[in-house]
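Residue numbers (my numbering), protein chains in the order written: chain R, 1 to 101; chain D, 102 to 269; chain Z, 270 to 917.
Worth double-checking, as some hints may not be accurate.
The calculated label-pair distances, taken between Cβ atoms and stated as ranges, are [unchecked claim]:
(1) 881/Z <-> 243/D: 22 to 30 Å
(2) 266/D <-> 878/Z: 54 to 62 Å
(3) 87/R <-> 301/Z: 58 to 66 Å
It is worth saying that the hints were derived from the structure and are not from the lab. Every residue, glycine too, gets a C-beta built ideally from N, C-alpha and C.
Listed below are the residues making up each chain.
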Amino acid sequence: MFPIAHFLYLGAFLFSAGLVIVIVKKNMIMVLLGIELMLNASNLNLVTFNQLYPDSIQGQMFALFVIIVAVSEAAVGLAIVIKVYHYYQTSVPDEINELKD
Amino acid sequence: MNIASFMFYFFEFAAASSAFALIFIRNVFYGALLLIICLLALAGIYVLAFAEFIAVAQILVYAGGILVVIIFGIMLTTKISGKPLVVEHMYELSGTLAGLSLLALLIYVISRETSFAERAVYQQQYDSVNRIGIDLMSEFVMPFEIGGILLLIALIGAAVTASTIKSK
Amino acid sequence: MAATPSYDTAVFMACAFSALFLPLFSFAVSLLISEKYSWLVTFTSPFLLLLSTLAAGVVLYSTWNQQPFTMTWNWFTVAGSTFAVGVFLNNISALMLLVVTLISFLVNSYSAGYMAGDPDLKRYFGMLGFFTFSMLGIVIADNLLLVFVFWELVGFSSFMLIGHWKEKSKAADAAKRAFIFNRVGDVGFLIGLMILWAHAESFNLITLSTSSEALSWKTAASLCIFCGVIGKSAQFPLFSWLPDAMEGPTPVSALIHAATMVAAGVFLLARVYFLFTPFALDFVALTGCITALLGAFAALAQNDIKKILAYSTISQLGFMVLAAGAGAPEAAMLHLVTHAFFKACLFLAAGAVIHALHQAQNQSHFPFDAQDIRHLGGLRKKLPFTFFVFIVSGSALSGLPFFSGFLSKDAILASLMVWKGTGFSWRWLIFGSAFVVSFTTVLYTFRLIWSVFQGEEKSTAHLSITEPPLSMRVPMTVLAIASLWIIVSPNPFDFSGWIYGGLRSNSEYLHISAISIASASWVLLALAFAYLIKGRTIRSSMLLNAFYVNSIYKIVVERPLFQLAEITARTDKKLIDGILHTAAYAQLIIANVAGWFDRAMIDGVVDDAAILAKGVGSFTRSFQGGKIQLYIFWAIFAVIIFIIWTLL
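Next up, chain R with everything else stripped away, as it sits in the complex (with noise of 0.2 Å):
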């Protein structure tokens, strides 16, 4: 019906602003957002590449799945978020480099 290809450059240009977000933010809720947008961009394909194969519905399924995934994540990271808000009195993450060596 619509153009196949413009449905995957929409979701190459958001997974590229979610990596963008997830880079260059400073707030880890903003980070989290990226991710989400990076999660939309990987469903619209799903759900996109699906139309090509009408008898089958995996990609949706597969789109179903990561919503309750994203849905976990984005739980969970709050959560963190919060944590490690409490405990750092921040929640830039540039600013928690715990993981340094």
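Using the hints, position chains D and Z against chain R.
Relative to the frame of chain R, chains D and Z by itself:
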């Protein structure tokens, strides 16, 4: 241009522009609102891509669930600090470089791939909601149950992690 | 002498070694005790010395008139020659052992009172113990090498004790002077030892004494050893350190510079008497005579109470050396023993006077030199006990009848009488001068006692002067009793009593009544004369400065030495420094070149390597910054590169 294609490009534009604005927005709260716009637009695109159930789930779960949680998170973290909700940027150069190069790469790959562009996209032969319901209970029952357990565990885990009561 | 020892060897050895090592133990205790409890040493040291004295008493009782006790161990072996350490106890050394430990004990307990409040009690008592140990080492050692070792240790502890008040520059100088003078004599001693070893191949006293033939090397060796005696016993010409040594604490003067250390020379003379050839003995006698005269006259003009006693000590030591040179070492030893008691007593009494005056001075803040007899006078009423002790010991020094000094002097005079022979020779002169010394001794002793205790009352007499404490009075009492004739023999006019009999190796010299009578009347005459000229002082700067011996040293030794030093210094500056400077400049240039090479080449390479390593490190480290977003960036970056790679 029929109404459907207008709707499609409108949603595409809305999603792309809100995502683009999200890169530059400095306020977390506005960022969350922009994300809602983006997600709702995506839900519209899902509908146009014959995935009604996913679209509904998108609206319910993302717009109704995740975003609410995110806004709660914003409120909780900013309430304690009392600082303005301004988000600073860093690694602008590296971020832009990575994003642009990835975008360029993907666009190049997509534009080079012409096979699916020629393939016709047909109207689906079935009702997707109905089909998903049957499949979830038959073919995908195992992942479905595991997904439920995952959600439960995430719920408990999030509650335990965020709680301020110390475990004995 | 008995053929077999009649004593229990084990007990005897235990006593001998406890007598020897208890003072060393006292030294160790004094050093190790903590600063907080330093007052304890005033109890431990006299106590340990008392034990040592008792042990020495047992030793003396066991060995007296018995077979000499010997015992040797191998010390070390060098080039096939074995050196031994050992103990050789005969009458002389056993007697000396008791005298040293007894006086050391008395002086230790006296010091407990005299030195009370001194900040450095630990060092003081420690060195007293160490001195006693070294002295006993000299006494009981069976070979000359060991004697030499202890001889040096004695010199060292004497140095430490003279300079006890090291903050006083005079005391420090005196300590140095005493040490250096002793060194001069010890050089002779050392050369003597070398001669002995070269010819006799042994240092052992017993081995040496068996070869009796008179040889020229023996003359040389004995004269060289006598050099050591001259230094240690303050004989002419190395006597001037002894008056200076009076800068030390008075008990030290009593112990070291009157009773024991300076007597070590005389003891050594008696110990190695068999080495001395007739010529060497004549030399010894002459030296002793000169010293005796010199000391006696110098004592007449001194004003310092301790210096009078010091010159008197020199004179008496000369007397002993004279006796030894005259072939009567037993008479010398007898005089040594009696002199040790009465001179220690005199010093302690003088110390009591000084102590009392010092305390009075501290209370009244009235500055004067407490040792200068010109400031003293009329102290008899204030210090009756000290006066009494002074009288007793002074009488013994003067050689009044019924005192020990009379008997020992009698012994010397008798031996001189025999020695001078019948025909007139230079020995008559020496015999005569012995009487002169005896006369002078009475004069200066009387002058000392009179000006301190009798005479007109000076301003100092009006200060609140009190008798010294009990811990000082008891040793003085003991020594005063020991100054009576009873210590020598039961007959107050016959010196051949219990001590002399044990010391005598032959029966050549016997009591000569004429000498006793002459001596007694001579002394009484001197006393009468002294009373007549009482209160008068010979103001002779020559006598005051002891015949300018020090000045002569200055001119003869010091000035050429300084000139030599200056010349060598100048050559050093001009010649050697020049060479050194040239060498230094050359070295500097080489060093600069090497330094440039080092900086530019070696350091450059190293630095570059370091910079490279640092760059690599910081580059790799930048991936590991702990920043999550950078991790993501790098991961994506790698993925993109990987995708591009696959696409191309």
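Status of the hints after comparison with the structure:
Judged by the Cβ atoms, the range 22 to 30 Å given for residue 881/Z and residue 243/D is violated: they are separated by roughly 56 Å. The given range of 54 to 62 Å is respected by residue 266/D and residue 878/Z, whose C-beta atoms sit roughly 56 Å from each other. At about 59 Å, the CB distance of residue 87/R to residue 301/Z agrees with the hint of 58 to 66 Å.
Violated hint: 1 only; the structure is consistent with all others.
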